[in-house]
Amino acid sequence: MSDQMAKPAVSTRGASVPRESLTWRIIFGRQEIGLLAVFLLWCAFLSLATDTFLTSTNVFNMLRAFSWIAIAAFGECLVILTAGIDLSVGSNMALSGLASALLLTAGMPVPVAVVGGLLTGSMVGVVNGALVTRFRLPPFIATLGTLSIARGITFGATQGWPVRGLPKAFNFIGQHDVPVGSWGVPFPVIVMLILAVLVSLFLSRTVRGRHIYAVGGDEEASRLSGINPRWIKMLVYTSCGLLAAVGGILMTARLGVAAPTAATSYELDIIAACVIGGVSLFGGEGTILGVLIGAAFMQTIRTGLNLLGIQAYWQPAAIGAVIIIAVMFDQWRKGGGWGDLKIFSR
Amino acid sequence: MEEAAPIIEMRNIKKHFGAVQALRGVDLVLHHNEVLGLVGDNAAGKSTLMKVLSGAYIPDDGEILIDGEQVHVNKPEDSRRLGIEMVYQDFALTNNLDVAANVFLGREAVRWRVGPIRFMDRRHMEVRAREVIDELGIDIDSVRLKVQNLSGGQRQAVAIGRATAFNAKVIIMDEPTAALSVAAIQEVLDLVKELKAQGCSIIMISHRLEDIFQVGDRVIVLRHGRKVADYPIAGDIHEFREQIVACMIGARDDFAEPVVG
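Residue numbers (our numbering), protein chains in the order written: chain A, 25 to 370; chain B, 416 to 676.
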C-alpha cells in the first residue's frame, strides 16, 4: 500500500474550497439527525409521563445497562461497514468474560486476567476474519459457526456452572462509579464514551477508516485502487472481537459472576443497535454516533415501557417494531430497493 | 533534432491463461504526447496487454521500457509509481464515498501519523480534488458529492481526474465511452484532447472507431493475441474504418510471417 504523501506541486495554502450549498442535503441525508430527533422526542415524552425517567439515578442505570452492548456494537459497526456481519459477538462476550474469570480464579492478577480476556476475544475475531478472507465463507455462516463454538466452549469449560467468587479488585471495574462533579458516572459508561470517540475518529479521520468504507462500498474498486480488502476485513473482524471482549469483561465485572449463559442472544441487540443507528447492512454507510444513539434508543424503550407500567413481556415486540421502522426509514431516505445483501454471499 | 526514446515500449509481450495464448509476442510503442488507439475484436488481447502494462498481470515473456529504460511492473502500485495510470471500463469508483475521497482512494494525503495510524489531510484532498476537477473543466458542483449522485459522464470524469491527480505521464483508458450517453461521449473525448494538450500520452481501448478517429494519432490493431496493423490516423473516416475492420476480422495482416515454401 502506498504511503506516499500526495502533495501537489503548488502550495494550496490559502486556497479555499468553494462554498458548498449542501447544508440541507447533509442535514436530511443523515439518518443520525432524524434518529436523534425521534430519540429526544421519546425522552421528552418519558420525562413528562413519568416522575422517575429524568433522574440521575435512572439515567446512569440506563447508561450502564447499555454500555457493554454499545461497546460491542462499535465493533459490529466496523464489520457491517464492510458489508459483513458478526453473529458471534454475544458468545464472544461470554467467552472473553469467562476467560478473565478463569484466570482470576487460577490466581492471576487482575491486569493479566483482563489482558487474557481481551486476547481471547481478539482470537475469536481473528478466526472469523480468517474464515471470511482465507476460506471464503459467507460472513453469516462463518460467524454463525463461531457463535455456536464459542458458546459451546463456555459450557464445556465450566461444565455449565457459573464461575463465582471473583476478586473485588476485578468487580471494581464494572461496579465503580467515578465521581464527576456531583454525579457518580459508572466506569463502563466512561469506557464506552472514550471508545466511541476513538473509534469514531478512527473511522472518519484515518486512512484505514476510509478504506473500511471503501471496501464496503465496492470491494473490487477498492482493490484496483491499491487497497487490500482481505487485510481490511481481518482488521474489522479482529477489532470486533476485541471490542466484544471489552464489553464482555465489563459485563462480567458488573455482575461479579461469569455464567456460561451470559449475553445469550446479545448479538441481536448489538446488530439492532447498529441498524437502528443507520448502519446499512449493504455496507459502506453508518457512523459510531448513530450506533450510540441506536443503543441508547433501545435501552430507553425497555426502561420507558417499564416505567410506563407496561409488562416486560411486550418489550421484544416493541424493539422489533422499532427495528423495522428504522430500516424502512433508511430505505425511504435512500429511495432505493433492497439490492442484494452480501452477508449471505461472498 | 534527434528522435526521443518512446515514453512506453513493450517488446514481445507473451501471456497465456491455461491453454489459451492471450498474447503471442506483441510489440507496442507509445510516443511522447501521443494518443494511441488500441482496437481489436473481443478476446484479441487488448485488455490483457493493458493489464500487463498496469501491473494487474505479469507477462510470461517480454520487456517493458519507459523512456528507453527497462522497468519491472509486478503490481498496480509499480506502474502508478512510474506515472502510468489506468482508467477502468467500469470506472472502479466507490459510490458511497465522495468525489474527493475517490480521487485520493488508496493514496490519501497524510497529515500526521501515530504509529501505524495515519490521519488524513482531508482539507488538502478536497482543495486538490477541486483543482483537478477544474483543470479538466468538469462540471461538478462539489467535491463532497457522493459518486452515486453523479451522472455517468461525471463518474467517468472523476475516474479520469483520479488518474491525472498524481501527475500521470501515461493514461490508459479501457473503453472510456462504452457506458455513456451520446452527449457524455463527446465530453469524454474533449477530455482526452484536453489531457493531450496538457502533455499526457494516452492509450485508448475502444470499440467505437469513430472515437479513435476523432482523438487518436495512431492506431494498433490486435487479433488473436498478435499485432496485425499499426498506422497513423489520417484521411477519410470511411477508408479508415474499412482498413481497421479488415484487420480486425483477419482479411488483412501487415505483420504476417511470410509463408515459406
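Keep in mind that the hints were calculated from the coordinates and are not lab data. These numbers come from a predicted model, not from an experiment. The beta carbon of each residue, even a glycine, is placed where N, CA and C say it ideally should be. Heads up, a few of these hints could be off.
[To be verified] What the simulated footprint calls covered on chain A by chain B, stretch by stretch (three residues with Cβ under 8 angstroms from a Cβ of chain B suffice, anywhere in the stretch; the number is not a length): (1) 76-82; (2) 154-167; (3) 223-232.
[Stated by the list, open to error] Selected chain A positions facing chain B (Cβ under 8 angstroms, derived; list incomplete): (4) Ala89; (5) Ala193; (6) Asp201; (7) Ser246.
[As the list claims (entries may be wrong)] SDA-like, lysine to any residue: derived pairs with alpha carbons at most 20 angstroms apart: (8) Lys561/B / Ile343/A; (9) Lys584/B / Gly250/A; (10) Lys561/B / Phe306/A; (11) Lys561/B / Trp356/A; (12) Lys490/B / Ile57/A; (13) Lys561/B / Ser228/A.
In ascending order, which of the hints set out earlier in this document are inconsistent with the structure? 1, 2, 4, 5, 6, 8, 12
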